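S.K.: Work the whole structure out from these sequences, hints included.
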Amino acid sequence: MTGFAWIDDPLLRVDRVTMRFGGLTAVNDVSFSVGRGDITALIGPNGAGKTTLFNCLTGFYKPTVGRIAFSPKGGLDDDRIDELTATARRNSNDGGEDLYLLERMADFEIAKKARIARTFQNIRLFSGMSALENLIVAQHIALTPASGYGVFGLIGLPSYRRAESEAVERAKKWLERIGLRRRADDPAGALPYGDQRRLEIARAMCANPALLCLDEPAAGLNANESHGLATLLREIRGESGVSILLIEHDMAVVMAISDHVVVLDYGQKIADGSPLEVRENPAVIAAYLGVEDEELGPAEAELTAETKP
Amino acid sequence: MEIFLQQLINGVTLGSIYGLIAIGYTMVFGIIGMVNFAHGDVFMLSAFIALLLLLLLTQGFGVAEGPAFVVVLFASMALTALWNFVIERVAYRRLRGSFRLAPLISAIGMSTFLANFVTVTQGPNNKSIPPFLDKVIAITSGGAYDVTLSYKQILIVAVTAALLAAFWYVVQKTPLGRAQRACEQDAKMAALLGVDVDRTIALTFVIGAALAAVAGSLFLLHYGVVKSSDGFVPGVKAFTAAVLGGIGSLPGAVLGGMAIGLIETMWGQYFSSDYKDVAAFSILAVTLIFMPSGLLGRPDVEKV
Amino acid sequence: MLSAAASPFSRALKESALATLIVAGLAFPIIAFRADPDFNNLLELSARWPLFLAFCALGFGLRFLLSLWESRPKAALALAQATTGKQRKWLAPAALAALVAYPLLILALLGPQAALKWVDTFGVQILLYVLLGWGLNITVGLAGLLDLGYVAFYAVGAYGYALLAPLTGLSFWALLPVCGLLAAFWGFCIGFPVLRLRGDYLAIVTLAFGEMLRIVAVNWDAVTKGEAGLYGFPGLTFFGLPFIPGPRGFAAHFGVAFAGVHKLIFLYYLVLAIALLANFVSIRLRRLPLGRAWEALREDEIACRALGLDTAKIKLTAFALGAFFAGVAGCLFALRQGFVSPSSFTFTESATILAIVVLGGGGSQFGVAMAAALIVGSSELLRELTFLKAIFGENFDPTQYRMLLVGIAMVAMMNFRPRGLVSMRQPTITLGPEPEARS
Ligand SMILES: Nc1ncnc2c1ncn2[C@@H]1O[C@H](COP(=O)(O)OP(=O)(O)O)[C@@H](O)[C@H]1O
Ligand SMILES: [Mg+2]
Numbered sequence: 013m014t015g016f017a018w019i020d021d022p023l024l025r026v027d028r029v030t031m032r033f034g035g036l037t038a039v040n041d042v043s044f045s046v047g048r049g050d051i052t053a054l055i056g057p058n059g060a061g062k063t064t065l066f067n068c069l070t071g072f073y074k075p076t077v078g079r080i081a082f083s084p085k086g087g088l089d090d091d092r093i094d095e096l097t098a099t100a101r102r103n104s105n106d107g108g109e110d111l112y113l114l115e116r117m118a119d120f121e122i123a124k125k126a127r128i129a130r131t132f133q134n135i136r137l138f139s140g141m142s143a144l145e146n147l148i149v150a151q152h153i154a155l156t157p158a159s160g161y162g163v164f165g166l167i168g169l170p171s172y173r174r175a176e177s178e179a180v181e182r183a184k185k186w187l188e189r190i191g192l193r194r195r196a197d198d199p200a201g202a203l204p205y206g207d208q209r210r211l212e213i214a215r216a217m218c219a220n221p222a223l224l225c226l227d228e229p230a231a232g233l234n235a236n237e238s239h240g241l242a243t244l245l246r247e248i249r250g251e252s253g254v255s256i257l258l259i260e261h262d263m264a265v266v267m268a269i270s271d272h273v274v275v276l277d278y279g280q281k282i283a284d285g286s287p288l289e290v291r292e293n294p295a296v297i298a299a300y301l302g303v304e305d306e307e308l309g310p311a312e313a314e315l316t317a318e319t320k321p
Numbered sequence: 241m242e243i244f245l246q247q248l249i250n251g252v253t254l255g256s257i258y259g260l261i262a263i264g265y266t267m268v269f270g271i272i273g274m275v276n277f278a279h280g281d282v283f284m285l286s287a288f289i290a291l292l293l294l295l296l297l298t299q300g301f302g303v304a305e306g307p308a309f310v311v312v313l314f315a316s317m318a319l320t321a322l323w324n325f326v327i328e329r330v331a332y333r334r335l336r337g338s339f340r341l342a343p344l345i346s347a348i349g350m351s352t353f354l355a356n357f358v359t360v361t362q363g364p365n366n367k368s369i370p371p372f373l374d375k376v377i378a379i380t381s382g383g384a385y386d387v388t389l390s391y392k393q394i395l396i397v398a399v400t401a402a403l404l405a406a407f408w409y410v411v412q413k414t415p416l417g418r419a420q421r422a423c424e425q426d427a428k429m430a431a432l433l434g435v436d437v438d439r440t441i442a443l444t445f446v447i448g449a450a451l452a453a454v455a456g457s458l459f460l461l462h463y464g465v466v467k468s469s470d471g472f473v474p475g476v477k478a479f480t481a482a483v484l485g486g487i488g489s490l491p492g493a494v495l496g497g498m499a500i501g502l503i504e505t506m507w508g509q510y511f512s513s514d515y516k517d518v519a520a521f522s523i524l525a526v527t528l529i530f531m532p533s534g535l536l537g538r539p540d541v542e543k544v
Numbered sequence: 204m205l206s207a208a209a210s211p212f213s214r215a216l217k218e219s220a221l222a223t224l225i226v227a228g229l230a231f232p233i234i235a236f237r238a239d240p241d242f243n244n245l246l247e248l249s250a251r252w253p254l255f256l257a258f259c260a261l262g263f264g265l266r267f268l269l270s271l272w273e274s275r276p277k278a279a280l281a282l283a284q285a286t287t288g289k290q291r292k293w294l295a296p297a298a299l300a301a302l303v304a305y306p307l308l309i310l311a312l313l314g315p316q317a318a319l320k321w322v323d324t325f326g327v328q329i330l331l332y333v334l335l336g337w338g339l340n341i342t343v344g345l346a347g348l349l350d351l352g353y354v355a356f357y358a359v360g361a362y363g364y365a366l367l368a369p370l371t372g373l374s375f376w377a378l379l380p381v382c383g384l385l386a387a388f389w390g391f392c393i394g395f396p397v398l399r400l401r402g403d404y405l406a407i408v409t410l411a412f413g414e415m416l417r418i419v420a421v422n423w424d425a426v427t428k429g430e431a432g433l434y435g436f437p438g439l440t441f442f443g444l445p446f447i448p449g450p451r452g453f454a455a456h457f458g459v460a461f462a463g464v465h466k467l468i469f470l471y472y473l474v475l476a477i478a479l480l481a482n483f484v485s486i487r488l489r490r491l492p493l494g495r496a497w498e499a500l501r502e503d504e505i506a507c508r509a510l511g512l513d514t515a516k517i518k519l520t521a522f523a524l525g526a527f528f529a530g531v532a533g534c535l536f537a538l539r540q541g542f543v544s545p546s547s548f549t550f551t552e553s554a555t556i557l558a559i560v561v562l563g564g565g566g567s568q569f570g571v572a573m574a575a576a577l578i579v580g581s582s583e584l585l586r587e588l589t590f591l592k593a594i595f596g597e598n599f600d601p602t603q604y605r606m607l608l609v610g611i612a613m614v615a616m617m618n619f620r621p622r623g624l625v626s627m628r629q630p631t632i633t634l635g636p637e638p639e640a641r642s
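Chains as they are written, first to last, in the working numbering: chain A, 13 to 321; chain B, 241 to 544; chain C, 204 to 642.
Treat the hints with care, since some could be wrong.
Here are the computed distance ranges between Cβ atoms for each label pair [to be verified]: (1) B:F530 <-> C:L265: 18 to 24 Å; (2) B:A318 <-> C:L265: 53 to 59 Å; (3) C:E587 <-> B:G306: 47 to 53 Å; (4) B:P371 <-> C:G314: 53 to 59 Å; (5) B:P371 <-> C:S546: 55 to 61 Å; (6) B:G306 <-> C:N244: 22 to 28 Å; (7) C:F212 <-> B:D438: 46 to 52 Å; (8) A:E181 <-> C:V459: 41 to 47 Å; (9) A:E181 <-> C:L265: 51 to 57 Å; (10) C:F619 <-> B:G464: 57 to 63 Å; (11) C:L307 <-> B:N365: 40 to 46 Å; (12) B:G464 <-> C:R251: 54 to 60 Å; (13) A:K185 <-> C:R490: 41 to 47 Å.
DSS-like mimics (lysine-lysine), calculated; alpha carbons at most 27 Å apart, straight line [unchecked claim]: (14) A:K124 <-> A:K85; (15) B:K543 <-> A:K124; (16) A:K124 <-> C:K428; (17) A:K74 <-> B:K543.
Derived from the structure by calculation, the hints contain no laboratory data.
Source: prediction; values computed, not measured.
C-beta atoms are modelled at their ideal positions from N, C-alpha and C, and glycine is treated no differently.
M.R.: Take a look at the structure:
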């Protein structure tokens, strides 16, 4: 027992992943683990390959080389992973726990079966649809069988109506949560930028994920909004026990909420550890934090403020 | 063998025309990522402009056909370019950054408009001109079948080659070409660096139309006949050429044009001329489905 | 003061002069001259300078007005925004009542002979286009898949009936769903490989498939009888009673005088019922997970996949259902026409149906129906106005003008309301205003 969930109880293991685009190596031989129930931050300068790595995890890109193992209930076990790797299958659940090899799965299967939800660096809401509808589409997987794959719903059976009203309740809860209850029926595209960011997170949460991947959720938010976001993320983790992997530039947010930080630079992992360890790491300071000294000041102040009570 | 050689010559002639039109598709796609559905109809319009100008010069002013054709070639390039300039301005410019199907739907509307505009103003029937420049050179003789090369065909291939050379120079060596390639890579960045994106795009349409107009004049010369529905099938074939060559790639467009021209004539010769359009359409479908980056295009991973 | 007032005017003048020059350039050979074959089949040029000048003047006038309009005080802008009518509750029932009453009313007013045309061209034909529009609306309007080969599915339905009816001896009641399923099956087969393509490639490939099918219909003489087409297949019957004069016919059975219009009135109600069913299905589906997934797909495919939606399957359902409607419409078309040939299934037809969807505002059932009535009805109306022939000459064909205007309208729609009704789209489910609570 190390006390670090990413060592004791990992639910995601990225194993020597490399992604090349033509001659460009965007991600180079990166390995790390994500602990169950942790908030893990993936940081690094622009172009370091963070988004590319996210896309590999969620199946939008196929890594050129490497293995990505995922188990929603945690407790990844190397022997089982190797065993599955030797077969041609994508997942196994013989040991009781589901185990998935993500690099073998299509993007939508990863979301549907492995239950990994994500947001995008450039927000991708269904902008012509209302905020509420966005959250209901996110529950498509749960609602489809209830609608009899379209047939029962078409003739208006009560079982579907019940399922739908449950979905609406859930959506309503999340809308209240992110303070958008009033604007539930407005097109998502008409919402202010910060609201859109939060709505995208709520949408991902409505899909009932085991791992929530957030690509720069605080980008473009002001200090106040960033702070609110940090609080929201911590609450989400606390209540639903979902594990969170986030890419973030705002060091204040990173230091304040993460349990584990992984640092990328030029596609390579240069550090991996607790926020305190990473902050002291000379390679990190040189590559990343060193350039943005002034950002570290408030972050530190905030961090001590947060840990005091 | 003689027949094959003859069809080879015919195929290259036809391929030159397709290649010229295909460049218009490929350039516009390269720079704004749009399938310019109306391009085939711009080509047809240019053939009509050429037809009318040719009649005007020969009948109205008694100019001999040869010199008249030279004047017509340049005049129809200019007039068609003006048309496409206006079309871009009216139908597409405001749509950049609009929802993703808007430019294509607008182009379909424009295509419908152009085809029916010409039908309404000139009538739906075939318009044929008396043949000229139809001397032929016999390449083989004495066999069962004489392979011939007509002056027309020489002219068509020569004009195409000369234009392509000039055009290649423009794209590779001039500031305009540089601006074009910059916009292709990243229009926003290019704008930040002081490239006039609107102007560059407009010029792309103008150049594409000028090349289509050359194709239109040559088409008229080659077949001696044109009608208002002639934009559709040659347009789709030229688009097929662009896709086959790798959309966005200029040498690809020419290569694809040649390939389509050859396939069409050979298919017509050896299989069935009834189904020769099916050949082109199936190449289009197969290419798009199985190798969307074509022969010379670069494959790319969809950015997320 | 004076210069401020004069400058927009003189600027407008300058701009209009330029516009006139451009219009002159555009119109120069194509409007100014017309080439027509003479008796020896040689082309002869005739000049049309008055028309040319009229175009130039029009260019000048329009640009001038536009320039003045653009330089108007900007305060006026806000005014244009305010008016978006509320959905009226009585609209749908009223429209339905009118539709049901229409053929009987026409019959009562005009008598069986004159009513024929009105029930047929303005009734059945428009309703068929409405049905087609609603079908394509699922594919294009809801799912955002631009299908340019839609007419192919229409053709599958029409040929399906024309070939199967004599072959199997089944009644049209049985063949109606069969034709729909046949078309849906084709949609499935074509959709399967193409649906992973990006939007505009999809459009082009469907176009290619549509054209290929038509070329096959033209050339496969043994089955389709080529350009000549198929005819003589069993027609519509009233639950077994044929619409024929003799004693075994519909008229004799009900003891009324035989009239051709009876068959059309029956067909009218048949098409109306099917269209209403299609409408019901579309509206219902929009509120189900499948329909919402279609719309989500139109909005952002990548986001859909990130939420676990199997986009290929969802696209396929939209494609196949759209095709199903087209197949059913095709079957009805064969019943109406009694004759099926490839010339009814050209790309122009696809473009017309697409225009109906686009101008109807992509997504709105009512808008699509209105657009169908407008586009199809207007040109038929123009055809009725014989005096137009006197002005435009004997060869005046309003269809050409219709497509000319449709083309302009599509461009205008994309420029000014690119998302059509999506911008005034009603959400499929609402929470309504927050209940007043905790204070
Ligand atoms: N689809 C793609 N095709 C080509 N290059 C890509 C693609 N996606 C990302 N890249 C390149 O990979 C590198 C890493 O990008 P990214 O992962 O977005 O960085 P980050 O998110 O850390 O800022 C960049 O140089 C980028 O240009
Ligand atoms: Mg990034």
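S.K.: Is it true that A318 of chain B and L265 of chain C lie within 53 to 59 Å of each other by Cβ?
M.R.: 24 Å, violated
S.K.: Between E587 of chain C and G306 of chain B, is the Cβ distance one that fits in 47 to 53 Å?
M.R.: Holds: the Cβ-Cβ distance is about 51 Å, inside 47 to 53 Å.
S.K.: Is it true that G464 of chain B and R251 of chain C lie within 54 to 60 Å of each other by Cβ?
M.R.: 24 Å Cβ-Cβ, so the 54 to 60 Å window is violated.
S.K.: Between F212 of chain C and D438 of chain B, does the C-beta distance stay in 46 to 52 Å?
M.R.: This hint is violated: roughly 27 Å between Cβ atoms.
S.K.: The hint says 22 to 28 Å between G306 of chain B and N244 of chain C; measuring C-beta to C-beta, is that right?
M.R.: 23 Å, holds
S.K.: May I ask you to test the hint 41 to 47 Å on the CB atoms belonging to E181 of chain A and V459 of chain C?
M.R.: At roughly 59 Å between Cβ atoms, V459 of chain C and E181 of chain A fall outside 41 to 47 Å, so the hint is violated.
S.K.: For the pair supplied as a hint, K74 of chain A and K543 of chain B, is the alpha-carbon distance within the 27 Å limit?
M.R.: Holds, at roughly 13 Å.
S.K.: Given the hinted pair K124 of chain A and K85 of chain A, is their Cα-Cα distance within 27 Å?
M.R.: Within the cut-off at roughly 15 Å; holds.
S.K.: For a C-alpha distance cap of 27 Å, please report whether K543 of chain B and K124 of chain A respect it.
M.R.: 22 Å, holds
S.K.: Quick check: does the Cβ-Cβ distance between K185 of chain A and R490 of chain C fall within 41 to 47 Å?
M.R.: 21 Å, violated
S.K.: Mind checking the hinted window 55 to 61 Å against the Cβ distance between P371 of chain B and S546 of chain C?
M.R.: 30 Å, violated
S.K.: Taking the beta carbons of L307 of chain C and N365 of chain B, is their distance inside 40 to 46 Å?
M.R.: 44 Å, holds
In this structure, the earlier hints numbered 1, 2, 5, 7, 8, 10, 12, 13 and 16 are contradicted, and the remaining ones agree with it.
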